[in-house]
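> Residue numbers (the numbering used here), protein chains in the order written: chain V, 1 to 220; chain F, 1 to 503; chain S, 1 to 316.
Be aware that one or more of the hints could be misleading.
[Unchecked claim] When the alpha-carbon atoms are kept at most 16 Å apart in a straight line, the in silico EDC-like pairs for lysine to aspartate or glutamate are as follows:
| # | chain 1 | residue 1 | chain 2 | residue 2 |
| --- | --- | --- | --- | --- |
| 1 | F | Lys158 | V | Asp93 |
| 2 | V | Lys216 | F | Asp311 |
| 3 | V | Lys216 | F | Glu159 |
| 4 | F | Lys452 | F | Glu368 |
| 5 | V | Lys122 | F | Asp218 |
Rather than coming from a laboratory, the hints here were simulated on the basis of the structure.
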Amino acid sequence: MMPQFDLLAICSAILLITTFAVVARRGFMDWLNAYRYQSIALAGVTAIIAFVTGIWEIYIAAILTFVIKAIVIPKVFLRVTGGLAIKNKIETDPYISIRSSVILSALLVVFSYFITEQFPFKFDKVVNAFLPVSISMFLIGIFVMIVRKKTLNQVVGLLILENGLFLFATSLTHGISLIIEVGIFIDVIIGVIISAILMQRINYTFDSMSVANLEKLRDE
Amino acid sequence: MTDFLAGYNLNIMMILLCPMVGGVLVTLLKSKRRIEVITVVATGLILIQSFSLVGNVLDNKHIEAFDGIFYVDSLGVLLLVLISGVVFMAALYSINYMGRQYHNGILDDRHLLRYYQAFNMFALTMILVPLANNMGLLWVAVEATTLVSVLLIMLYVKETAIEASWKYLIVATVGLSLALFGIVLYYYANVVSDPTGSNDDKMNWTVMMKNAKLFDPDIVKIGFIFILIGLGTKAGLAPMHTWLPDAHSEAPTPISALLSGVLLNCAIYGIIRFYLIGHLVLGDGFLNTLLMIIGIISVGIAAASIYFQKDLKRMLAFSSIEHMGLVSLSIGFGGLFGIYGAILHIVNHAITKPLMFFASGTISQKYETKTISEIKGVIKTMPLTSMFVLIGTLSIVGLPPFNIFMSEFFILSSGFSSSQYLAIFLVISFLLVIFASFMKHSLGMIFGSPKKQISRGDLGILSIVPMAILAALTIILGFYVPEPLRQLTGNIVQMFGDKIINV
Amino acid sequence: MFADFNATRVILGVLQAFLLVLFAPLITGIMKKVKARTQKRVGASIFQPYYDIIKLIKKDETVSEQSSWVFRLNPWINFVAITTATLFVPVVMAYSPFGIAGDILLILGLYGLARFFLILAGLDVSSVFGGLGSSREMMMSSIVEPAIFIMVLSVAIVYGGTDVSTIVNSAAQSPLLIPTTIFAAISLFIIILAETGRLPFDNPATHLELTMIHEAMVLEYSGKSLALIEWSKSIKQITLLALLINIFVPFGISSDVSALTLGLGLISFVIKAVLFGILIAFLETRVAKWRLFRIPDLIAIAIASSLIGTTIFYIG
């Protein structure tokens with residue numbers, strides 16, 4: 001019997017696995033690579049959706065995704081983190097231990113599969129494959145931002161979240177109009193650059209990249 | 001493309017071009033005096049243009065431009081005038097305030113240049129919000145305001161400013177991602193409701209309003225929750241407000257005034273837009289309850305925090321949370337008075353809060369501290385400024401005959417007319433706490449005698465003029481609503497449709 | 001499938017189990033060789049494990065005076081338990097004739113038995129290293145076991161039952177790489193690394209007390225006993241690999257008793273087993289041994305992975 005492949009399913013599995021790589025790994029390079037592979041998979045998924053629906057604008061979105069998320073943003077990060085001490089690049093002491101966060105993230109995935117069942121969406125093959133994945137990416141992104149202390153990790157969480165959002169919009173509605181898509185991409189890039197500047201400033205001022213330092217401002 | 005140019009509107013184009021050109025010129029000219037003048041002129045032009053847009057809107061009800069991407073109706077133009085007015089005041093005030101920082105050596109040329117560049121960009125992004133018809137564009141604009149204002153908050157290289165900007169960036173961006181999630185859900189509801197035709201304009205607010213009757217109510221419910229959480233984060237509604245006191249107190253004072261006075265309104269404006277769509281789908285009930293609950297929580301948290309507050313600017317930031325909560329509550333109450341009160345409250349808060357921030361900035365520059373207990377006897381050191389503080393305080397706690405009393409009166413009476421007695425009871429008790437603590441803090445600052453020797457005299461004419469204008473408006477709006485404003489609010493109340501019957 | 005329980009099949013079943021037992025040290029040898037080559041060493045011949053076993057069998061045995069019967073009996077129990085388990089695993093044909101006697105849970109149970117006696121033997125000689133290895137092994141097994149059972153659950157619900165033959169048969173007929181099985185395969189792969197004591201769980205190539213788990217328990221063995229233990233370790237490894245291969249990439253496996261398909265099945269199994277061995281060896285040169293207390297992180301991934309797989313099957 002010849003093996004059969006379900007391309008959509010494999011793409012969604014890749015997206016989930018790369019999301020988990022960010023949760024389960026502690027080093028910055030692992031997150032960055034996971035993000036890069038995830039973005040490539042995302043661009044692939046977008047191209048598949050463009051092929052299925054035949055809307056040419058989605059091809060452009062796919063190309064933009066690939067260029068910006070798989071090439072530009074990782075480059076920006078590599079440049080920013082070039083001079084950092086290694087202790088700033090690894091997540092040594094998260095608020096919730098890595099193993100618990102892996103399990104909790106799995107529960108989040110279960111939750112998002114469950115919740116998509118409840119939604120009154122019009123299901124087709126694409127929506128079926130990617131909607132729960134996109135919601136899990138969204139939730140896990142938020143989760144990572146909450147439980148991790150290192151600024152780098154929080155930004156990676158934000159990017160995962162954004163990927164989830166993009167996947168959500170693309171799979172559910174076959175993409176919002178291109179102008180808006182471009183606007184969102186510009187926002188993402190500027191956001192990454194600003195957060196990079198801020199991270200450098202945090203590192204310079206506190207000699208550490210942990211948000212645990214950021215607790216001066218509070219009401220007693 | 002031809003369509004795009006056919007629907008072109010000179011006013012809107014000018015409004016968008018002014019801050020762009022201003023930003024470019026600031027970058028090119030660099031000298032302190034010149035960039036100040038350019039910024040004031042650019043923002044002044046925006047203000048004039050938006051006033052002429054008011055006339056246009058009053059004549060035509062609404063204007064669509066650039067192939068439906070921009071759409072201005074009464075609600076939009078009202079917010080536009082508020083934004084451009086406060087931006088103009090802040091530009092005027094900046095000359096004095098930032099100039100002083102510059103002379104004291106806190107800022108250098110590079111920082112000043114960056115400040116004015118970002119100031120112009122901030123104006124541009126905020127102005128884009130009320131003009132946008134496409135809700136995706138609205139989101140992009142709101143997210144852009146976050147990014148630009150983060151740049152402004154991190155102008156000072158100090159620990160607290162860095163902390164505030166990081167929190168702000170992360171919390172607001174996550175919140176807005178949730179909002180985009182909700183917007184996509186609305187868009188999806190629109191796409192599903194009308195499968196024919198292209199999807200290009202399905203994100204436009206006007207198209208959504210047109211198709212709203214066909215939307216799936218469940219999707220709209222979920223979408224509105226996400227939007228309320230998301231834009232509510234940006235609007236500083238509790239419990240998503242955690243970033244707000246930090247960011248607003250650490251920003252340079254003119255920027256604090258913009259953040260509190262109008263940026264919060266931009267987010268509230270987004271919520272109102274989606275509320276209007278959701279209201280057509282779901283009617284009264286669900287949405288109103290959500291808005292009421294979140295409003296009461298905001299007022300309550302603000303009350304507790306103001307009572308224990310030690311920092312002047314943080315106190316004002318929490319007061320902004322309170323007022324945004326009141327606006328949300330008022331929309332939740334609904335009815336003629338509710339909507340009218342909410343709109344009026346937005347206007348009044350946008351006038352009074354910058355006044356308070358300007359005054360507090362002047363005071364803290366003079367006393368070189370933001371701690372309330374360190375500041376004493378402002379009436380002796382700065383007679384004019386203390387006058388403005390007094391007017392601002394009396395207004396912001398809702399005493400007659402000042403403007404906020406009027407809108408709060410409408411809000412409370414709408415609560416009574418929709419028989420939400422529990423909510424009214426809670427809000428009134430919170431407002432009493434806020435009243436008492438605000439009076440305690442403010443009167444302590446104004447009267448008494450200064451702890452250390454502080455030279456007499458107010459700080460420069462340019463710091464007085466914006467405050468004087470705002471104070472005058474505060475008093476005038478207390479007993480007289482000008483005709484254009486009355487018409488605009490009337491139109492807005494009509495947009496809420498069948499609500500009027502409830503009264 | 002169970003109806004045609006005939007002599008040919010029984011013989012073939014015994015033969016394929018026998019094949020595993022014989023073939024096991026070879027895979028270990030190949031893995032060692034690959035590891036050596038990737039580390040730019042020449043390395044020993046791929047038949048070295050056989051030479052080792054033969055040499056060890058010829059040698060005399062030293063047994064501590066303090067030890068009890070547990071220590072002496074353990075190698076035999078280990079060998080018998082693990083060899084028995086091979087009988088239930090389909091290798092060349094998608095069917096094992098002893099399926100009626102036991103399923104995947106029995107295999108795990110037999111491994112548990114072997115492990116139990118190994119741990120006891122480690123404690124029995126009352127040497128420091130033995131106790132250390134035993135306690136580490138107990139900690140490991142207590143966290144690996146839940147992962148195994150969730151993995152088995154997710155495989156069982158996909159392929160309808162815990163019987164290995166049923167699983168392999170329906171796996172051979174369903175499309176390759178559906179998401180559920182991708183996640184279950186990740187889980188099983190991690191479990192295999194843990195069960196066979198490979199990096200990053202345990203370093204099979206060292207006798208450094210800081211890192212060793214399995215080696216510490218068998219440190220006191222010599223001669224015939226050591227040969228048996230080494231052999232049964234190899235057999236366990238290849239059995240688990242056979243499970244992984246036949247559940248998740250079963251293409252090429254023979255589903256009837258003709259010579260052609262059996263030959264094809266044999267060839268494809270050998271190729272896949274060698275490929276997996278090479279993969280694991282490669283992986284071992286890429287990763288370092290993890291600290292003992294970070295091992296749960298990896299197991300957590302296995303558990304999460306199976307959990308997601310199960311979810312996707314039910315809801316996806």
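> Taking 16 Å as the top limit, are the C-alpha atoms of Lys122(V) and Asp218(F) close enough?
13 Å, holds
> Check the hint pairing Lys216(V) with Asp311(F) against an upper bound of 16 Å on the C-alpha distance.
The given pair, whose Cα atoms are some 13 Å apart, holds under the 16 Å limit.
> Lys452(F) and Glu368(F) were given as a pair; does the straight-line alpha-carbon distance stay at or below 16 Å?
11 Å, holds
> Straight-line Cα separation of Lys216(V) and Glu159(F) no greater than 16 Å?
Distance of about 8 Å is within 16 Å: holds.
> Between the alpha carbons of Lys158(F) and Asp93(V), is the straight-line distance 16 Å or under?
26 Å, violated
In the structure shown, a violation is registered for the earlier hint numbered 1 alone.
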